[in-house]
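Participant: One line per chain: the protein sequences are A and B, in this order. Under this note's numbering, think of the first position of the first sequence as 1070, with each following residue one higher. Under this note's numbering, think of the first position of the second sequence as 36, with each following residue one higher.
Note that these hints are calculated values from the structure, not bench results. Careful, some of the hints might be misleading.
Straight-line C-alpha distance at most 25 Å; calculated PhoX-like pairs for lysine-lysine [what the hints assert, rightly or not]:
1) A:K1436 with B:K118
2) B:K118 with A:K1441
3) A:K1407 with A:K1373
4) A:K1706 with A:K1389
5) A:K1251 with B:K172
6) B:K55 with A:K1282
7) A:K1542 with A:K1102
8) A:K1102 with B:K172
9) B:K161 with A:K1251
10) B:K161 with A:K1282
11) B:K88 with A:K1564
12) A:K1373 with B:K38
13) A:K1389 with A:K1366
14) B:K53 with A:K1282
15) A:K1093 with B:K172
16) B:K88 with A:K1572
17) A:K1452 with B:K118
18) B:K38 with A:K1572
19) A:K1102 with A:K1534
20) A:K1100 with B:K172
21) A:K1282 with B:K147
22) B:K236 with A:K1251
23) B:K38 with A:K1452
24) A:K1282 with B:K88
25) B:K88 with B:K45
26) B:K147 with B:K53
Read off the chains here:
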Amino acid sequence: MALDAKIPGGPIAEKWDRHRFDLKLVNPANKRKFNIIVVGTGLAGGSASATLAELGYNVKTFCIQDSPRRAHSIAAQGGINAAKNYPNDGDSIWRLFYDTVKGGDFRAREANVYRLAQVSNDIIDQCVAQGIPFARDYGGLLDNRSFGGAQVSRTFYARGQTGQQLLLGAYSALMRQVATGKVEMFPRREMLDVVVIDGHAKGIVVRNLINGKVERHAADAVVLCTGGYGNVFFLSTNAMASNVTAAYRAYKKGAFFANPCFTQIHPTCIPVHGTFQSKLTLMSESLRNDGRVWVPKNPGDNRKAGQIPESERDYYLENKYPSFGNLVPRDVASRNAKEQCDMNKGVGETGQAVYLDFADAINRNGKDVIEKKYGNLFQMYEKITAQDPYQTPMMIYPAIHYTMGGLWVDYNLMSNLPGLFVLGEANFSDHGANRLGASALMQGLADGYFVLPYTIGGYLDGNAKADVTTGHKAFDESEKQVTGRIDRMLSINGKRTVDDFHKTLGRIMWEYCGMARNNEGLEVARRMIQELRAEFWENVRVPGANADFNQSLERAGRVADFLEFGELMIIDALARQESCGGHFNEKFATEEHEALRDDDNFCHAAAWEHTGDDREPEFHKEPLEFENVKLTQRSYK
Amino acid sequence: MTKTINLTLKVWRQNGPKDKGRFDTYHAENISTDMSFLEMLDVVNDQLTIDEKAPIAFDHDCREGICGMCGCVVNGRVHGAEKGTTLCQLHMRHFADGDTIAIEPFRAMAFKVIKDLAVDRSSLDKIIQAGGYVSVKTGGTQDANAILVSQDVADLAMDAAQCIGCGACVASCPNASAMLFTSAKVSQLALLPQGKPEAAKRALNMVRTMDALGFGNCTNETECEAECPKEISITNIARLNREYLKAGLFSTSM
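Using the sequences and the accompanying hints, generate a full structural model.
Facilitator: What follows is the structure in structure tokens.
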């Protein structure tokens, strides 16, 4: 099947304006006749729900948590990018666009990224109008800082809690619409299927997590804003409930999954310290603005940090990348940390860590300045590790943080399955093979506030309203499948817990499909996953019943999907015989161990079509055409 | 350095809002002091599952102290005894070998128990629905720098805006009042120029909704401030009272 991204014609700077004009408008009186389902209430889902309701659509919004305010966007720390150029340091829409395409190692779609940079400024205006308490300078104007991978200060922030503040802004807007009755809110619901009627997404089937009831909801369009799949690795910086299920269920109903092997490993996380560990905690990469990354020069040097003299420290990022130094993009910083640890230069009890040292910054600016900038992060670090980063350097190590891959969408953010839109981290379109810092918040809000509200009108207007009810046989079939799967999981009554399977899967993925990959390892991992999946369906123990608040059952469904999805990631990683961004295949590296792309053969998005259980997915290609940015080897030296 | 401890847990078990509930005793063995409190519960739950017993239900999500989904009463203290800490950020190094730990759900009339330690806090969303926003639609807003906010005002607003909506203030209050929660949002928006036009209406509507949902009155017990994991100050309650009073005296929107 040919993948048509529906990119509008004309010069890149005019595409979005032109497209908005060309899109059909839905008459205000007709908007109230359309029902739209939004799944997920992070930045993308919260902002989309509120905005669609403001426009007059009837919106039903679903989330798995007890409140829409809990979505994991809330945990984003560092900030949000915009091309405002307030600091007058040379930023522009074009530069933000260029940096994002380059940062993504030239595997993102130009037109989408340009639009993202264009609407970035509107986002800041919107958020300030909502009363988000961004950091200010002495004159009362908005403050900016530079952030991983950028040489301009374009990042807006609210202490180390930018995601929280932006999410609460979107949540407030959503609550306002709930109060008006335009949004009906369904918390503690998990989407378990997309219902497809005559080739169009026309509803969803959800499980009520309090009482286990399977519920049906019909609509004229379905919008998935269900986040990323980082928890396929078990240990990640994602929230415990973050999962691939909604996206994966859509994939099984015909939506293509694009670039699943593009996963981002964040360089500054608190290192792993035990097998009992349930998640990893990110330390904002804004810390790299003032912290210096180093390891001992001599392998095996296990003296304490303070006992290692300056001359025996290797500030490897500053030495290797003089122009970007500690601010190199995430994939580069992560791989270098691994490389140092592989050379036995890692620090701490496990040797799987590097230092992030604030001593120079504290000497230069004073402790109070550093405390003001990073106080809450330092406090969080101390709570978890019982070490004081004002006194001793932090220890950090890379961890899974974000997934660039996701459901394939066209320029309108619609998947190949008509009527199914995908926003935010759940789609694949804007970050290519590596996302730059402070760009996830930007994309989630761009999609929800400023893109989908226009593009969904084009679909709704072009598709006369079909009166679908939940009595349709497609809903019967979907519900039957969903309940059948639940019953099956509950009846196995084996010997291993759900978490046990999840941890085993995570270890396989991290070992073979993590920071560095190779073809042999990927093949091994694929077999291991197949075996683990087979064992899951024979030996998992899911206690309790369906008609209950059953958290083990919730997790079992998610892990069952991860066990299938993990294999898809590996298939994608094997198909992409190059290195780019977060996908680093050891076979394809420059002499300096940087990712070596193969633009002749792999300058495309790989979109996978489900063809049936235990059958190979079918590969579809969207060639990426770069008309405005010249493909180069990324260099941060 | 890592060490392990053994603990006795007295955990509140309750099958649903109508069940009477009871304390059951469990033994948590070889618990690493590097674990978080919730990781300790994970270990207990894994063992319960293997032993064919029902795992303990508890809410949690981000496990980094920001989503506000977790929270229990530990030895009579909301989110445990560590100051400024959510339950997910409470580490087992604060407990000693041989300790007995009592674990209960947040208790308040407005928070019905769903199961075991998980409670229904949707009433907090309803308070926000009553006015915890600036009435601005998407688009058509002025340039962000057209609104000047002095640094100290922005800082005060941010102090209030840090509320994670966990409900610890309610659970710690002898009256189960949601005044700290409500005042945090009212303050944030009343301090900022963007929120001023609706300040009076907001204060009135949010307080009325809070009362209607079964939350108690504030009688200055200050337990909320002591237990708030984000250390939200009760000066926000004073600010809410001022806004409320002003609204009562001068507002036309009674």
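Participant: Determine for every hint whether it applies to the structure shown.
Facilitator: How the hints compare with the structure:
no., hint, verdict
1, A:K1436 with B:K118, "holds, 23 Å"
2, B:K118 with A:K1441, "holds, 20 Å"
3, A:K1407 with A:K1373, "holds, 20 Å"
4, A:K1706 with A:K1389, "holds, 7 Å"
5, A:K1251 with B:K172, "holds, 14 Å"
6, B:K55 with A:K1282, "holds, 24 Å"
7, A:K1542 with A:K1102, "holds, 23 Å"
8, A:K1102 with B:K172, "holds, 21 Å"
9, B:K161 with A:K1251, "holds, 15 Å"
10, B:K161 with A:K1282, "holds, 24 Å"
11, B:K88 with A:K1564, "holds, 13 Å"
12, A:K1373 with B:K38, "holds, 21 Å"
13, A:K1389 with A:K1366, "holds, 14 Å"
14, B:K53 with A:K1282, "holds, 19 Å"
15, A:K1093 with B:K172, "holds, 22 Å"
16, B:K88 with A:K1572, "holds, 22 Å"
17, A:K1452 with B:K118, "holds, 11 Å"
18, B:K38 with A:K1572, "holds, 23 Å"
19, A:K1102 with A:K1534, "holds, 9 Å"
20, A:K1100 with B:K172, "holds, 17 Å"
21, A:K1282 with B:K147, "holds, 19 Å"
22, B:K236 with A:K1251, "holds, 21 Å"
23, B:K38 with A:K1452, "holds, 17 Å"
24, A:K1282 with B:K88, "holds, 23 Å"
25, B:K88 with B:K45, "holds, 16 Å"
26, B:K147 with B:K53, "holds, 9 Å"
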